[in-house]
Amino acid sequence: MATWTPDPSFYPSPRMAMQAPPERLAYVAMLNTDTSARPDALGVVDVDPGSSGYGRIISRLDMPNVGDELHHFGWNACSSALCPYAPHPHVERRYLIVPGLRSSRIHIVDTKADPAHPKIVKVIEPEQLAARANYSRPHTLHCGPEGIYVSALGNGGGNGGGPGGVFLIDHETFDVLGQWEIDRGPQFLSYDVWWHLGQDTMITSEWGTPDMIEDGLNPELLLGAKYGRRVHFWDLHRRRHRQTIDLGPEYQLALELRPAHDPTKAHGFMNAVVNLKDLSSSIWLWHRDGGQWAMRKIIDIPAEPADPDRLPPILKGFKAVPPLVTDIDLSLDDRWLYVSCWGTGEMQRYDVSDPFRPKLTGSVRLGGIVGRSRHPSAEGDLNGGPQMVEVSRDGKRVYFTNSLYRSWDDQFYPEGIKSWMVKLDASPEGGLSIDERFFLRFDDGFRGHQIRLEGGDASSDSYCYP
Amino acid sequence: MSEAWQWLALIGLGAFHGVNPAMGWLFAVALGLQEGRRGAVIKALPPIALGHALSVLVVVISFTMVQLVTAPDLLKPATVAVLIGLGGYRLVRGQRHRVRVGMRTGFAGLTLWSFLMASAHGAGLMILPLLLGMLAPAQLMALSLCGPGAEMTGTIAAFGSAAAGLAVVLVHMTAMLVVIAIVGLVVFETVGLGILRRGWVNFDLVWAGALIGTGTGLLLLR
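Heads up: the sequence lines are chains S and C, in that order. Once you know that position 407 of the first sequence is 407 in our numbering, the rest is easy, because the numbers rise by one and skip nothing. Once you know that position 56 of the second sequence is 56 in our numbering, the rest is easy, because the numbers rise by one and skip nothing.
Bound-form chain C, shown alone (with noise of 0.2 Å):
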């Protein structure tokens, strides 16, 4: 069984995603501001959570498929390079975005907005190192319910790796939600746009250095 520890993680980096301005809530708040009505604003919560699931479902798929074939001796130090490089990647040319979706956009332009920008944050790859101790065990886990058998193994494995990296998914962008939706509704009901001026701290280089913090405490964790 995965440690609580992981899942409180997960959840936290979650709400670390939901919180950052430039991952959805503000834009939820543009358009309900535009439109003049809440309901503009819960309206558009929804694919932007999905849009951002999708980015972290891309990495889940793709980290089960890589360690599937790869040695395990090879998957933590990959993870630490990919960390660390994208981080610093990011606070080299954190500041710069390719417009594809505008303020007249519907359902399928905010999943696609969230997906691309989740994507270029590397929101899925920060889940990385929860991935290397939750995945593996969950195959294991599924190894050991259905007992021997060599022609079943693979297969179970796998959908031991499916089924937890699924609710790593669904944890991930219900955290994401609830604080996109708390943040988004507070700002648009109370607080006002005021915030944006004093409140709106760098996310870019609070990223970045989560990135690299964590491919750093991998690191250096037996």
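Excised from the complex, chain S in its bound form (with noise of 0.2 Å):
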């Protein structure tokens, strides 16, 4: 598997990155909803606007059991290897290493014979994670350092609950090497990680345990301010937690965290999905501050009035459409932040050259829980809203699909997201619009959920050279 020349998907600097050929390919989970019979499936999308199947999928690989909910995937290696402390340059990036949510069953999908039709070469099974690293319901991961890092929401115990936390998964053998955390603190909700090589620091969000979340949103929790709201940040390289920074306890869901690519800038984005107070999103900015790291609120997305009649149940008693901002995106340069506001239907573009003071600089609205934007080639309204986010490596085009997580999806959208994916065209002064060419309707019972990029995308890779 070793190569003679580092794979050329590998890029020292984000900058050199975004000079990459555009990709062709994207590979997008697919979660299937309409029957138990059926599994969920890794779709692969057509990219590429000079071929004739562009926008539509070309291959799917169905998973070999029901019941996974394909959620985050990521690849075994990435540019992370060219870093000058830990150098495995001859890894290539060619499996796709897909968690199912809900089973802990994780697919290793080799992409290289034929990369629009990936093949299955391993499943680890939830028993093997649970042993090794005593974790379950792997969520997010990156290509790092050590190898594979996988945050996961749950323990081992089969009992739904926490503490959450990261494992890793060797690159090569994709063999499970055990819990990362040798001194946890007071962490124990889990979400998203990711690090600041260039501080040798890792950064871990929350959203709850399995029993928190797997039946949909709890009111009650909620209510009760339960859910995580904290961020966590950690020694990389002795693994032990360092700092907590509590964002108050009306911000619910701290979810997303997307640091600034280029190494020597040390500061990222985070979105809060629900302000207890007034239903509004809130993006957060942490930076260093003397020795310590520090967070402020850049941005509140407020909620929008609406006519109780068109809210679902959940909502009907806040006469409101919250934003719901359940994912984000920086572009490589560091420079435009992308921000997916699933309950209203938007997808904002912030330029955040002053992480500090963020402006709105674009914004298209399709889907919403009441908005119900339509797509150019679409016929009739659409439902979802922007959820998980893509941006390509030079940063001019904006993927994106408009499911969440099945339970989740049934309590904001209860007729059932009818799920789609489309492409944006970012402008290079700030602007965002819609490639009317481009939508793609998922077969009726699939939702599509997190995308990535052939060679490589936004939040795929990590770097360690300016």
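Please keep in mind that the hints were generated in silico from the structure rather than gathered at the bench. Positions of the beta carbon are idealized from the N, C-alpha and C atoms, including for glycine. It is possible that some hints are incorrect.
To be verified - Reference listing, derived: stretches of chain S covered by chain C, where coverage requires no fewer than 3 residues with Cβ under 8 Å from a Cβ of chain C: (1) 12–18; (2) 246–255; (3) 322–335; (4) 414–424.
To be verified - Using C-beta positions, here's what the derived DEER-type ranges look like: (5) S:S36 with C:I195: 48 to 56 Å; (6) S:R238 with C:L8: 39 to 47 Å; (7) S:A131 with C:L170: 45 to 53 Å; (8) S:D34 with C:L205: 32 to 40 Å; (9) C:L170 with S:W4: 48 to 56 Å; (10) C:R98 with S:W4: 33 to 41 Å; (11) C:R100 with S:N159: 28 to 36 Å; (12) S:G248 with C:I61: 28 to 36 Å; (13) S:T244 with C:T190: 57 to 65 Å; (14) S:I120 with C:R98: 45 to 53 Å; (15) S:P249 with C:V206: 54 to 62 Å; (16) C:R100 with S:I120: 46 to 54 Å; (17) C:T190 with S:G67: 17 to 25 Å.
Said to hold, decoys possible - From the derived model, a few chain C residues whose C-beta atoms are all more than 10 Å from chain S: (18) P21; (19) Q67; (20) P72; (21) Y89; (22) T105; (23) L132; (24) L219.
Using the hints, put the two standalone chains together into the complex.
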């Protein structure tokens, strides 16, 4: 498997990655909701504008079991393999590691022989994960200095509880190497994980334990401020907890972490999905403040008033649609932050050149709980809203899908999400426009979730050189 | 007197180790880029060379001790077995690293990192064949200079070994330091990191091949 020169999709710096050739394929996690007999799948989408199949699924890799709830996935190796202190540049970006969030089963998918028709080469069963790492519900993964790092929401005891945390998988044998933490301090709830390689710092965020989320968003837990609201900073190499920042009890669901890609920068962005006082969503900036990390809220996105008759039961009493910012993505030049408002059906684009003073420069509306905004190439209203967002390496193309998580989809879109994937064009000046040629409607029953682009994208790789 | 080719080979191995990005020049470049100044590249070089030298020193001391208590007939086959065994191991397990040092490290951290990298790659073991040819003659030379004297023999022989061993470590380290300094500064100043994408050949394979080749060569030599 070792190559003679580094994988051509590895880049020393984000600047070099931005000069990479455009992606031709996208891989999409597809959740099956149609019948309990049909498994989830990994879809391969043609994203080459010169191809006759542009904007369509060209193949579908069905998982071997039903009920996985495919969610987030990623590559076995990426640009961090060029890092000077842990170089292993002759592994290949070849395997997609595709976890089932509900089943705790992890699929190793080989894309090398035919990238348009990938194959499953290994499956890590939940029992192996529990035995080796004492975790379950694998969530986010990143290729990093010691192998593949995966966050997990639950413990390995099978009781739906915590603590969740991070475990390691070998990037060649795909053996689960064990729990990452040596000292977790007060960390208990888990969600996202990423790092500042230049600062030797890992960061983790919080959602909830499996029993807090798997049956849907629990209003009692939410109103009791029991969901995650803290951010944890760790010593990446000593694997020790260093610092906790609490956003305050009203900020619930501290989810996606998007550190600056330039390793000399020490800041990043995170979204808090809902403010209990006014249903707003917020974006937070973390940054160095002396010898410590600090966080401050930099963006507030308010809820929009709405006729209760048009709201799902969970929202009727509030007479408003929350923006529900459930995903964000940062372009490789660290200049543009994309913000998915899954509730109001809006994709926002901010200029974060000065991360302390973001400027809204673009917006597109598609779907939404009340808005139902239409796509120029699709018939009828759309439901769901901008959710998992991915930005191309060169920053010119933005892809997203509209499903969050099955039980949560059903609460906010009780009629059942009809799933789609779209592409936006991002202008250098800050605008956003819909690519009318690209509207992908998933088959009935399938819902699109996370997207990964061939050769890497804006949330797949980490860099050690500026 | 040891032959000149042995010293040249030692310098060549120092250069070979130095040119491998994984042995340290790339780390120095990364630290220079992180701080945005050439001084950071230069500052990182001494601890990297020192860590490498310490790893080689451990091998030299170990070999000297073994040599003092082992029958000469056994030394060569044992060395061959170690070299080929390590080469084979690195072919199979060459890509693994347990990270212990990060980008925010200082002199001690860089020294430790370099020591661990050199040791894991078997940098010191690669010079074993040269030690075979250099330490025993150094002992004989020390003995011949002092003349016969049974009660002094062991000490004098050990002194000869130590002097030769120290010279081996210093020469190897100097060659390695010169090469990491040249390559690191050239990449930092002019070439740029683009070279990593095409120019970073698989040193793990070359290294494993060198270990196996050295072992095989030693086996075939009379």
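Hint check:
Taking a C-beta to C-beta cut-off of 8 Å, the region 12–18 of chain S contributes 3 residues in contact with chain C, enough for the three needed, and the coverage statement holds. Residues of the region 246–255 of chain S lying with their CB closer than 8 Å to a CB of chain C number 0, which falls below the three-residue condition for coverage. Closer than 8 Å: that is the beta-carbon criterion, and the region 322–335 of chain S has 0 residues meeting it against chain C, so the requirement of 3 is violated. Note: the region 414–424 of chain S has 0 residues with beta-carbon separation from chain C under 8 Å; the three-residue rule is not met and the coverage is violated.
Between S36 (chain S) and I195 (chain C) the C-beta distance comes to about 54 Å, which sits within the given range of 48 to 56 Å. One distance hint, 39 to 47 Å for the beta-carbon pair R238 (chain S) and L8 (chain C), holds here, with the actual separation near 43 Å. In this structure the supplied range 45 to 53 Å holds for A131 (chain S) paired with L170 (chain C), their Cβ-Cβ distance being about 50 Å. At about 49 Å, the CB distance of D34 (chain S) to L205 (chain C) disagrees with the hint of 32 to 40 Å.
Between L170 (chain C) and W4 (chain S) the Cβ separation comes to about 34 Å, which falls outside the hinted range of 48 to 56 Å. The supplied range of 33 to 41 Å is broken by R98 (chain C) and W4 (chain S), whose beta-carbon atoms lie about 25 Å from each other. The hinted range of 28 to 36 Å is satisfied by R100 (chain C) and N159 (chain S), whose Cβ atoms lie roughly 35 Å apart. A hinted range of 28 to 36 Å is violated for the C-beta pair G248 (chain S) and I61 (chain C), which are about 59 Å apart.
At about 45 Å, the beta-carbon gap between T244 (chain S) and T190 (chain C) misses the expected band of 57 to 65 Å. Taking 45 to 53 Å as the suggested C-beta distance range, the pair I120 (chain S) and R98 (chain C) does not conform, at roughly 29 Å. About 58 Å separates the C-beta atoms of P249 (chain S) and V206 (chain C), a value consistent with the hinted range of 54 to 62 Å. Distance hint check for R100 (chain C) and I120 (chain S): the Cβ-Cβ separation is about 34 Å, which falls outside the suggested range of 46 to 54 Å.
The beta-carbon spacing between T190 (chain C) and G67 (chain S), approximately 57 Å, falls outside the hinted interval of 17 to 25 Å. With a minimum CB-CB distance of about 6 Å to chain S, P21 (chain C) fails to clear the 10 Å threshold, and the non-interface call is violated. Look at Q67 (chain C): its CB is around 34 Å from the nearest CB on chain S, clear of 10 Å, so calling it non-interface holds up. Under the 10 Å C-beta cut-off, the non-interface status given to P72 (chain C) relative to chain S holds; the minimum distance is some 38 Å.
No Cβ of chain S approaches the Cβ of Y89 (chain C) within 10 Å, the least distance being about 14 Å, so the stated non-interface status holds. Not every Cβ of chain S is farther than 10 Å from the Cβ of T105 (chain C); the closest lies at roughly 8 Å, contradicting the non-interface assignment. Residue-level check passed: L132 (chain C) sits 31 Å from the nearest beta carbon of chain S, beyond 10 Å. With a least beta-carbon separation of about 26 Å from chain S, L219 (chain C) lies farther than 10 Å from that chain, consistent with its non-interface assignment.
This entry does not satisfy hints 2, 3, 4, 8, 9, 10, 12, 13, 14, 16, 17, 18, 22, going by the numbered hints stated previously.
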